[in-house]
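If you read the protein sequences in the order shown, they are chains A and B. For the first sequence, this note's numbering gives the first residue as 20, with consecutive numbering after it. For the second sequence, this note's numbering gives the first residue as 35, with consecutive numbering after it.
By construction, these hints were calculated from the structure, which means they are not laboratory data. Where a beta carbon is used, it is the ideal one built from N, C-alpha and C, also for glycine. Wrong hints could be hidden among the right ones.
To be verified - Now the stretches of chain B that chain A is said to cover, found in silico as 3 or more residues with beta-carbon under 8 Å:
1) 79-88
2) 96-103
3) 120-130
4) 140-153
5) 161-171
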Amino acid sequence: MAAHHDLPDTPRENIGARRVGRAAFLGVVGAGVATLFYGRQISNLTSRATKPFADVSGLSAIVPSGGWRIYTVAATMPVFDRRTWSLRIDGLVRRPIELSYDDLLALPRAEQVSTFHCVTGWTVTGVHWAGVRFHDLLALAEPLPEAHAAHFVSAEIPYDDYLTLADTALPQVMLAYGMDGAPLPQEHGAPVRVVIPEMYGYKNVKWVKQITLVDKQGSGYWEQRGYDVNAIVGHSNGYG
Amino acid sequence: MAELSSPTAGATAAVAGQAGVAPARARFVKRFTLTERVLHWVHAAAFFALLGSGLILYLPALSVAVGRRPLIKEIHFYTGLGWAGALVLIVLLGNRRALLRTAREIDLFDRDDARFLRGETARPQGRFNAGQKLNAIITAAFAVLFFVSGLLLWVGERNTDIRLGGTLYLHDVLMYVSVVLVAGHLYLALINRGTRHSLRGMVLGSVREDWAREHHAKWTPPRP
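For reference, chain B alone in the conformation it holds in the complex (with noise of 0.2 Å):
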């Protein structure tokens, strides 16, 4: 309706909509470094073709809808290979300073962390809330542990002495785990009001910093 009477006021309808509560020349301020963000990207697209790949594997109906095993099973070893490489070499000729930086941050819990994971999530928080330094050491462990469980279920089909009898087990687990994790964290990104700003930091780099003072009271963000 208001797009039909006046084309501005649509314009900044839809504006004010995208961006929640924002006044009218928002300022932004920095929140992830360009590595950071190649990082989580390289992650996200290597998780949903591993995950896609590997449900092919899995999943019964899936395996024989598809067929094509010894290729499908190819793709989801060679993807996990490149996968791991690729985060490798993000580490090495990144900005290793801002990886490390963002590692502290995710290692150091206090009280209102410690609240907000609690529930009260009104709790000032830092760059980084408690839940998502929760599901970053989550993701990361998990990393490590796809990487390893993936490689042993390889190795253990070539070397029938190196089988552990847990590996499928927990290639398994960490799998629905995850699942149940990017959903939420997609939920949190993509659709809860309050908090789907923060993809914008993730493409773009830089948030509203009315909307960092609200969420991140605690973090004091670069002078943009």
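Excised from the complex, chain A in its bound form (with noise of 0.2 Å):
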């Protein structure tokens, strides 16, 4: 064998032949499989050394690595106009309320930095949101004693979900109408959603139109899926 390799008329020859490619095929599958358990580590690693270079070549704003995903139920996304839009607060309160666009502006403004985690496995840090927080904003319906938790209701229909009045006091939740400097976009829900990063995203209600003060919690969209209705980040739906 070793005298015949060099010969150039004995191509036919499999000099050296082993059977690797199996272990080249289980070793991709495994590296795979490692990467279903410990994605999320890499995943930080790699958007981390990537940023800059998606930021700067626009890519970014194309390819959602450490970024966005639009995720939505129905077929088609509520459009917002700023004329007839309003949002209503009812339920367990003295004072039912229809606020328009204008009406929600001038509450006190509520401006913070957070991250947004999302279920599936993806989070975007560093996210700016400008909107109202809700004891601001709840207040002007006067909820009654026996209220404890806020249903939402989204203008993407069947969308909905809620969040105890003990949550919405959270210091960095609100009823955000502003991202990253400019008016909420559509696919974020314009003109309004709840903001709320101690929870996975299905929890922050994009398109809100209607906000109905409850005796107690129900299940929301997700929730009549299967997901945990106390959706704590990093101690809920299978992490943790």
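Starting from two chains that each stand alone, build the complex the way the hints lay out.
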């Protein structure tokens, strides 16, 4: 064999042939299976490494590496019309009210930078939100003492979800109308969405059109499909 | 110009152009069985259907432009199931001996293959060159991983106890790497002059004997 392999006219010899293809196959599958378990850590490292490049090249606007994905449950997204839009607050309140977009903007403005976690495994850090704190908003309708939760109804039918009034009183929870220095874009729930960084994205209801105060939390859209009602990041939905 | 002066010369030039340096009467040898070709094209068609529907779900701009997320999700999921089912059916009902022989060839790497992968692409190669073997291995492994991670995404949306944190990330990374591999594959099969004759083998099953000798010197093709 060794004598043959330098000869140019013996091309049909398989010198040094080894069955390594199956090992390569299993190696790739094994690396993939490991990624299923440790992908979050790897993803954090790679998005940190590629972020400067993605930002400079403008790629981050197209490819959601370390960025947003747009999840919806209806066939079309609600369209915001400033002239006709209103937010209704009712249920266990003394004074049910209807607010226009301008009424909402006139309320005390709160701003924050927080992290958005999606339950499917992606995260966006450093999101700049502007909006209204719930105690300022709900106070306008004068909640009754028996009100303990808020039911958020989206204009994206049939999406809805609940938060307890203890949750809505957490320091970084708001009804946001601004995002990263601009009005909330359509795909992020224009004109207003719930922001609660402590909980996974499905609790951050987009396109909110009605807030009904109730005595206790019910099951929202995803909770009726198996998700946890209490969606604390890292401690629910199979994590933590 | 040749077409204007002599239609015959023009036709010959066209054939020669298509075939590279074809002799006047080319002899053909069989490279792929029908089973191998059906497996390839079913996989290819499913890949592009899944890539298209997947990108609508994944890229924010496309998600917004297309909408109808629940429908696109269903299309993506059932295309994936159909793809996996079709591959299993082809293996069960097709020429399994031919598939097994192909798998054995892909499994085996020799010293020429190692040198080929290090850039010495003139090294004599078998029916598959080392790059084709590597591409086939990665494609097969990715098929398994795409299916598993896709199924986990679907199941995890229905039973949150079965969520694994890296599932979505794996599915995305597989897509990125696959797109690069497919782009290279398409370049070699459709554009690159020296290699694009191989497309004929995957469409019709046979390739020119002289081309086979040049590119796959260690392959002893079945007599036509």
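Evaluated hints:
Note: the stretch 79-88 of chain B has 0 residues with beta-carbon separation from chain A under 8 Å; the three-residue rule is not met and the coverage is violated. Here's how the stretch 96-103 of chain B fares: 5 of its residues keep a CB closer than 8 Å to some CB of chain A, so the rule of at least three is met and the hint holds. Counting residues of the stretch 120-130 of chain B whose CB lies closer than 8 Å to any CB of chain A gives 0, so the stated coverage by that chain is violated, three being the minimum. With 8 residues having a beta carbon nearer than 8 Å to a beta carbon of chain A, the stretch 140-153 of chain B meets the requirement of three or more and the stated coverage holds.
Given a C-beta distance limit of less than 8 Å, the hint that chain A covers the stretch 161-171 of chain B holds, as 3 residues qualify and 3 suffice.
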